[in-house]
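A.B. asks: Got chain W; can you put chain E on it based on the hints?
In order, the protein sequences belong to chains W and E. Oh and the first sequence: position 49 is 49 in this note's numbering, straight run, nothing missing. Oh and the second sequence: position 108 is 108 in this note's numbering, straight run, nothing missing.
Because the hints were derived from the structure by calculation, they are not lab data. Built from N, CA and C at the ideal position, the CB exists for glycine as well. A hint or two may mislead.
Claimed, not checked - Chain W is nowhere near these chain E residues, computed Cβ spacing over 10 Å in every case:
no.	residue
1	M1
2	I28
3	A72
Stated by the list, open to error - Cross-link-like lysine to aspartate or glutamate pairs, in silico, DMTMM-like; alpha carbons within 25 Å at most:
no.	chain 1	residue 1	chain 2	residue 2
4	W	K127	E	D95
5	E	K115	E	D3
6	E	K15	W	E100
Stated by the list, open to error - Only part of the chain W face toward chain E is listed, based on derived beta-carbon distances under 10 Å:
no.	residue
7	S31
8	E34
9	V35
10	F36
11	M39
12	E43
13	S90
14	P99
15	E100
16	E103
17	A108
18	E111
19	G118
20	K121
21	Q126
22	T135
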Amino acid sequence: MYKSGHLNGMTDTQEKGAISKADIVAAIIASTREVFSTMLSMEVTWQEIHLQQTIAALPASGIISLIGLTGPWAGTGSISCNAEFACTLSAKMLMGACPEVNEEVLDAIAEITNMIIGNVKTVLEQKVGDMGLSTPTVIFGLNFQIRSAQTHEWTGVRFTSGGQEMCVLVCLDPATPKNHRTGFQFPQLLSA
Amino acid sequence: MLDVLIVDDSAAIRKILQRVLRQTGIPIGNIVEAGDGREALEALKTQTVGLALLDINMPNMDGLELLGHLKANETWAHLPVIMVSTEGSQAKVLDAVKMGASGYVRKPFNSDQIKEKLAEIL
Numbered sequence: 001m002y003k004s005g006h007l008n009g010m011t012d013t014q015e016k017g018a019i020s021k022a023d024i025v026a027a028i029i030a031s032t033r034e035v036f037s038t039m040l041s042m043e044v045t046w047q048e049i050h051l052q053q054t055i056a057a058l059p060a061s062g063i064i065s066l067i068g069l070t071g072p073w074a075g076t077g078s079i080s081c082n083a084e085f086a087c088t089l090s091a092k093m094l095m096g097a098c099p100e101v102n103e104e105v106l107d108a109i110a111e112i113t114n115m116i117i118g119n120v121k122t123v124l125e126q127k128v129g130d131m132g133l134s135t136p137t138v139i140f141g142l143n144f145q146i147r148s149a150q151t152h153e154w155t156g157v158r159f160t161s162g163g164q165e166m167c168v169l170v171c172l173d174p175a176t177p178k179n180h181r182t183g184f185q186f187p188q189l190l191s192a
Numbered sequence: 001m002l003d004v005l006i007v008d009d010s011a012a013i014r015k016i017l018q019r020v021l022r023q024t025g026i027p028i029g030n031i032v033e034a035g036d037g038r039e040a041l042e043a044l045k046t047q048t049v050g051l052a053l054l055d056i057n058m059p060n061m062d063g064l065e066l067l068g069h070l071k072a073n074e075t076w077a078h079l080p081v082i083m084v085s086t087e088g089s090q091a092k093v094l095d096a097v098k099m100g101a102s103g104y105v106r107k108p109f110n111s112d113q114i115k116e117k118l119a120e121i122l
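Just chain W, with the same shape it has in the complex (with noise of 0.2 Å):
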């Protein structure tokens, strides 16, 4: 079962200094759909993932790109779409021709994903305190898989916007002293 085309609310009775899934999704809605209106002129539509279909709702190739975020709560941020998806959100960015994928268009992507993740960030640091960001890392290949070396939880939204196909997934976890470190979470990239 999908949840449709609108925010979910966050809990009223969650415990102070946590992050529930519902925060995550809500964070992840209000950033993409504003990243989109005001980045790149585009009107998103959008489902939620439900985790196990997370995996199975990446494209089997093209672009993934992702973002470590450390602090109180530390996971992996990601952004994944087809390369055709990518050279259209390159080319509303920069109001240019994306013909192929290319340095700009990676480039380009890895600022989206640096935007939409960073405001997912903004949001959930109002709950946890600071969080850290890392520079991303954006990847254009076939037949990937992620997981995460902390969780294997991820929280997803798949958006749509012009017949096109986008997923944004976050896993986050509270920090332990097993799990806290002070760098980038990196997360461990699979090939197929």
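C.D. replies: Quick look at chain E alone, frame taken from chain W:
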């Protein structure tokens, strides 16, 4: 003519900011680009600017550290600096203002927000 320093690790954002600056109606002269704070300091050894737009999260030297260097340098201490960053937390904005930033624009931004901030400062 106003010469401007744009410091951002994203070439896309530097390109967008250049376009916005050229559309403001303010006579813009030379635009100096740098991908991080170190590159910016290197560029400022040989070039003069009248305004700086700085990202915060960058490799090698971030925007707040660069801002500190600029404000500690007699030559650049009075340079108007606008921070343009995804860092939207109140603490980060206050840090930048305390360190001497003249303005703060959060990403994502539209051209009107940049124009308004320039009108306030210049």
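A.B. asks: Now, for every hint given, state plainly whether the structure supports it.
C.D. replies: Hint by hint, here is what the structure shows:
1. Distance check on M1 (chain E): its Cβ is at least 24 Å (rounded) from any Cβ of chain W, clearing the 10 Å threshold; non-interface status holds.
2. At roughly 18 Å, the least C-beta separation between I28 (chain E) and chain W is larger than 10 Å, which holds for a residue marked as non-interface.
3. Here A72 (chain E) stays apart from chain W, with its beta-carbon at least about 24 Å from theirs, past the 10 Å limit.
4. The straight-line distance between the Cα atoms of K127 (chain W) and D95 (chain E) is roughly 20 Å, inside the 25 Å bound, and the hint therefore holds.
5. Simply put, K115 (chain E) and D3 (chain E) have alpha-carbon atoms about 16 Å apart, close enough for the 25 Å limit, and the pair holds.
6. This hinted pair checks out: K15 (chain E) and E100 (chain W) have alpha carbons roughly 19 Å apart, not beyond 25 Å.
7. The interface hint given for S31 (chain W) is met, as the beta carbon of that residue sits about 9 Å from the closest beta carbon of chain E, less than 10 Å.
8. For E34 (chain W), the shortest C-beta to C-beta distance to chain E is roughly 6 Å, which falls under 10 Å, so the interface hint holds.
9. Look at V35 (chain W): its Cβ gets to within about 5 Å of chain E, closer than 10 Å, so that hint holds up.
10. Satisfaction of the interface hint for F36 (chain W) is found here, the shortest Cβ-Cβ separation to chain E being roughly 9 Å, below the 10 Å cut-off.
11. A cut of 10 Å between beta carbons decides the hint on M39 (chain W): the least distance to chain E is about 4 Å, and the hint holds.
12. Given the 10 Å rule on beta carbons, the hint for E43 (chain W) is violated: about 14 Å separates it from the nearest Cβ of chain E.
13. Taken as an interface hint, S90 (chain W) checks out: its beta carbon lies about 8 Å from the nearest beta carbon of chain E, inside 10 Å.
14. Restraint check, P99 (chain W) versus chain E: the minimum CB separation of about 17 Å is more than 10 Å; hint violated.
15. Given the 10 Å rule on beta carbons, the hint for E100 (chain W) is violated: about 16 Å separates it from the nearest Cβ of chain E.
16. The interface hint given for E103 (chain W) is met, as the beta carbon of that residue sits about 8 Å from the closest beta carbon of chain E, less than 10 Å.
17. Using the Cβ-Cβ criterion of 10 Å, the hint placing A108 (chain W) at the interface with chain E is satisfied: the shortest such distance is roughly 4 Å.
18. Given the 10 Å rule on beta carbons, the hint for E111 (chain W) holds: about 4 Å separates it from the nearest Cβ of chain E.
19. Contact between G118 (chain W) and chain E, as hinted, is supported at the beta carbon level, the nearest pair being about 3 Å apart and thus within 10 Å.
20. The criterion of a C-beta within 10 Å of any C-beta in chain E is met by K121 (chain W), whose closest approach is roughly 8 Å, and the hint holds.
21. Contact between Q126 (chain W) and chain E, as hinted, is supported at the beta carbon level, the nearest pair being about 8 Å apart and thus within 10 Å.
22. At a threshold of 10 Å, the smallest CB-CB gap from T135 (chain W) to chain E is about 6 Å, leaving the interface hint in force.
The structure fails to meet hints 12, 14, 15 from the earlier list, while all remaining hints are met.
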